[in-house]
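Protein chains in written order, with the UniProt record's numbering: chain A, 1 to 494; chain B, 1 to 494.
Possibly wrong hints are sitting among the right ones.
One copy or two, either will do: identical chains are not told apart, so a pair holds if it fits within one copy or between any two.
[Claimed, not checked] Mimicking SDA-like on lysine to any residue, the simulated pairs with C-alpha atoms at most 25 Å apart in a straight line are: (1) Lys275 <-> Arg182; (2) Lys120 <-> Gln135; (3) Lys45 <-> Arg180; (4) Lys414 <-> Glu329; (5) Lys277 <-> Arg182; (6) Lys120 <-> Leu109; (7) Lys305 <-> Ala16; (8) Lys305 <-> Thr31; (9) Lys277 <-> Arg180; (10) Lys275 <-> Arg180; (11) Lys305 <-> Arg182; (12) Lys471 <-> Thr255; (13) Lys268 <-> Leu15; (14) Lys275 <-> Ala16; (15) Lys133 <-> Ile320.
It should be emphasised that the hints constitute simulated quantities derived from the structure, not laboratory data.
Model, not experiment: these values are computed from the prediction.
Number of protein chains: 2
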Amino acid sequence: MAEVIPHWLSKQAELAPNQTAIERPDGNTCTFLELKNKSQSFARKLSGLGVQNNTKVGILSANHIDMVVAIHALSYLGAVAVLLNIRLTEQELNDQLNDAGVSLVLGQLHDRNLNATFHKFSDVWELPERTGKLQSEIDLDAVFTIIYTSGTTGFPKGVVHTYGNHWWSAVGSMLNLGLRARDKWLAVLPIFHVGGLAILIRSVIYGMPVYLMEHYNRQLVHDAIMTRGVTIASVVTVMVNDLLTLLGDKRYPDTFRCMLLGGGPAPKSLLEQAKAKQVPVFQSYGMTETSSQIVTLSPDDALEKLGSSGKPLFPAQLQINAIGDEVGEIFVKGPMVTQGYFNREQATNKSIIDGWLATGDLGYTDQDGFLYVVDRRKDLIISGGENIYPTEIESVLASFDGIHEAGVVGKPDKKWGQVPVAFVVRRQASVSTEAILDFARERLAGYKIPKAIIFLDELPRNASNKLVRSKLAEHLNDNDSRKSLTYGRIRNKL
Amino acid sequence: MAEVIPHWLSKQAELAPNQTAIERPDGNTCTFLELKNKSQSFARKLSGLGVQNNTKVGILSANHIDMVVAIHALSYLGAVAVLLNIRLTEQELNDQLNDAGVSLVLGQLHDRNLNATFHKFSDVWELPERTGKLQSEIDLDAVFTIIYTSGTTGFPKGVVHTYGNHWWSAVGSMLNLGLRARDKWLAVLPIFHVGGLAILIRSVIYGMPVYLMEHYNRQLVHDAIMTRGVTIASVVTVMVNDLLTLLGDKRYPDTFRCMLLGGGPAPKSLLEQAKAKQVPVFQSYGMTETSSQIVTLSPDDALEKLGSSGKPLFPAQLQINAIGDEVGEIFVKGPMVTQGYFNREQATNKSIIDGWLATGDLGYTDQDGFLYVVDRRKDLIISGGENIYPTEIESVLASFDGIHEAGVVGKPDKKWGQVPVAFVVRRQASVSTEAILDFARERLAGYKIPKAIIFLDELPRNASNKLVRSKLAEHLNDNDSRKSLTYGRIRNKL
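Pulled out of the complex, with its shape left as it was, chain A reads as follows:
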């Protein structure tokens, strides 16, 4: 049955009107009652722009209180927030806007030419409020957000999240981490990613303050944990590195209870450092399709189960498509898993079978049920917490006249975890690296631009003529980490 609950922000404003909802490094705060009033006012202004039930509205913004307000405002109108990665190029953005049928984008100042009307948040505030009925309830089956992910095909697909997906994600996290009266969650990950967005949703459901940072600044994050009462922080590996360095010989306050780490397993040395400094790092595994973490490892198990991502959250299930404890494809199921991709029935049916999501990732579970991810989905590259799909870069490069074919792999990188590197077969020797990079920069977000272009005479292909990226990886100097990936993939094929 479609469950209906009171609108979560209105409810929290009733239960805890004076509780802080948003706190910022500059000391400004906003209570749940204020956040509700702001969001309802913003909704009434948006209503004048024609936003109504089921309207898809783009959000193009770095973390900002107005972004939070805009997202809640859309929920009051029953509209759908299409969250856009601000690092995308004009073309990438317009592809997503077209695909989602977005004709209105809200956000901060930017220099792109969008195929949609753009309103700055500050302009919306100048509009008159329109009277009209706002949503007082939330139907958990209704669609709330769409976030694009390239997935395995190289073509970005919009992952549809219902309110229920977000609700269950928040509840699953609460059952794992507990909930305390003084919890305060640091949101420095971008809200346009599901990992950042999830913090906002937990905030209104738990009645918990969010410590909101617009951009990542290691010193500000450090200060937030040391002196501003943050008890939980969602981070990616590059941040853990920074933070441990800044921490030095000091200790975090006892009230700091969880560093929730997304974006791939952390290196052993990092976990050991964290343990020595008594920093409670919870590794996690998840993706846009699972509305953030779906498998989490507690610090108690972190060193004993080194390299594991942990166990599936309470409402979630995990299966490995293999015999016994062999490596196989990871399938997950649970009410936080998306019901599919926007307007992509075929892709949805291919990815989700009887409620089980085929992640495309390879892994195995040990005898205690801990998950080990052996190979990220279809050679996914994770760079500073951003997902990069080789196929997406390859198809852009291959569309360049002078290029015959291209293959992209991730290269281990101390700072970013991985960076993309391209192997290119040219049509003519005169095609320069610079020309290729110029071409790519127009079409791909900065973090997707290959950090090196390596020219080959031909790309390694298997009997079915499929590109074998693991062979490419062997061309890289530092190929230790790739060896295990190769191993994982081969094992799966047995």
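Given chain A, work out where chain B should sit, using these hints.
For chain B alone, kept in the frame of chain A given last:
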């Protein structure tokens, strides 16, 4: 959409196999893994008795580890647990068994003649296990339990609870009270009532130990809080009284964080005593139909909002069927509210309209949204935590040959909160109090037997010839508390 989650006990046994699930005053404990293994074994034995998907199985037992095991075992078979109040008479029990279509009852030794096969738990343990597939998932829309409540008609109706009702109740409570790693919940309330059952469900969902007591013993409850690490205790008013007396000048450990009080608002003097002793009493309002508490008042607000039941839990909504802040009927809505009464479409449609449950209780909310229950549903009498419906007693008394008509009201009682008192119009003056009580004792559970019989020449009736119980109440000596009830009812009629 019907949400599916892993079987909650199996899941908890995976996540926290060695965590204590059940702890008893004698020091015996049982982990989640052991509880799962026991429950699955018990399920395989029950399977040999023909218990299968959707079989209704009666449970007739005081709190006991085997009772917990039996309830979980039924969930592994997809069967439905019909929880029976052990204090009911043979006739009351058989009425419920017949209504629910129960042909098998499990429990402890008893002396009733039941219209169903009875198996002691200890006998079931002797049976062989049958191989067969057990449920590995829980469909939240599936029916898990049926608990009878007399409601306003005097005829007991079976309240149907889905797994989802129980799930949402547990999550709503967690969002209100938080969840801490060392939580341990005292279960001394009978598990055959929803308030006791809810503790078991929270236990498996939270991964939290239950401190299980078979019967109420004030000293054992006191000890459990003082020395056994109990952090939360569900209680009724009579227990709070006892416990505060036993506490004397001492203090509970700081880790004791919640005394969750059901069964009507507590007297002011009791709340003041609790405050003086720093005992965190959370008053609550709920009923079988809401799968336990649905409105709760935190100790922070207890004295400022004296007499209030608090605010609806996060997933719940509240409406008063009245203009402004007038007194009116209390309606509640939320995913923990039952979808109806077993096999009683008409009663269901009368009580639940568009998801809103008409509680039959009267109340109002103040400007801050706090609920005040002015009059319990249709003159409900709550005695020592047990609900007593006057109509049920009245219809039994009226079936006695020598009685023309009868009216029953609750009389305030220091120990029990309220006790039932009957006003009777005799056919002949020769009909004795003893004869009436003898007749009643055969047909009504002990706590429903009137504590006094008062003979009248006629009963007060209104213009529509309906019994006006509030007028009866005026005949009682201590009628202060009834005055406000009278006021409430009259106000509602304006």
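Hints and how they fare:
no., hint, in the structure
1, Lys275 <-> Arg182, "both (24 Å within a copy, 22 Å between copies)"
2, Lys120 <-> Gln135, "within (24 Å within a copy, 52 Å between copies)"
3, Lys45 <-> Arg180, "neither (36 Å within a copy, 41 Å between copies)"
4, Lys414 <-> Glu329, "neither (28 Å within a copy, 65 Å between copies)"
5, Lys277 <-> Arg182, "both (23 Å within a copy, 24 Å between copies)"
6, Lys120 <-> Leu109, "within (6 Å within a copy, 73 Å between copies)"
7, Lys305 <-> Ala16, "between (40 Å within a copy, 15 Å between copies)"
8, Lys305 <-> Thr31, "between (41 Å within a copy, 22 Å between copies)"
9, Lys277 <-> Arg180, "both (23 Å within a copy, 24 Å between copies)"
10, Lys275 <-> Arg180, "both (23 Å within a copy, 22 Å between copies)"
11, Lys305 <-> Arg182, "between (30 Å within a copy, 24 Å between copies)"
12, Lys471 <-> Thr255, "neither (47 Å within a copy, 58 Å between copies)"
13, Lys268 <-> Leu15, "between (43 Å within a copy, 23 Å between copies)"
14, Lys275 <-> Ala16, "between (36 Å within a copy, 22 Å between copies)"
15, Lys133 <-> Ile320, "between (47 Å within a copy, 20 Å between copies)"
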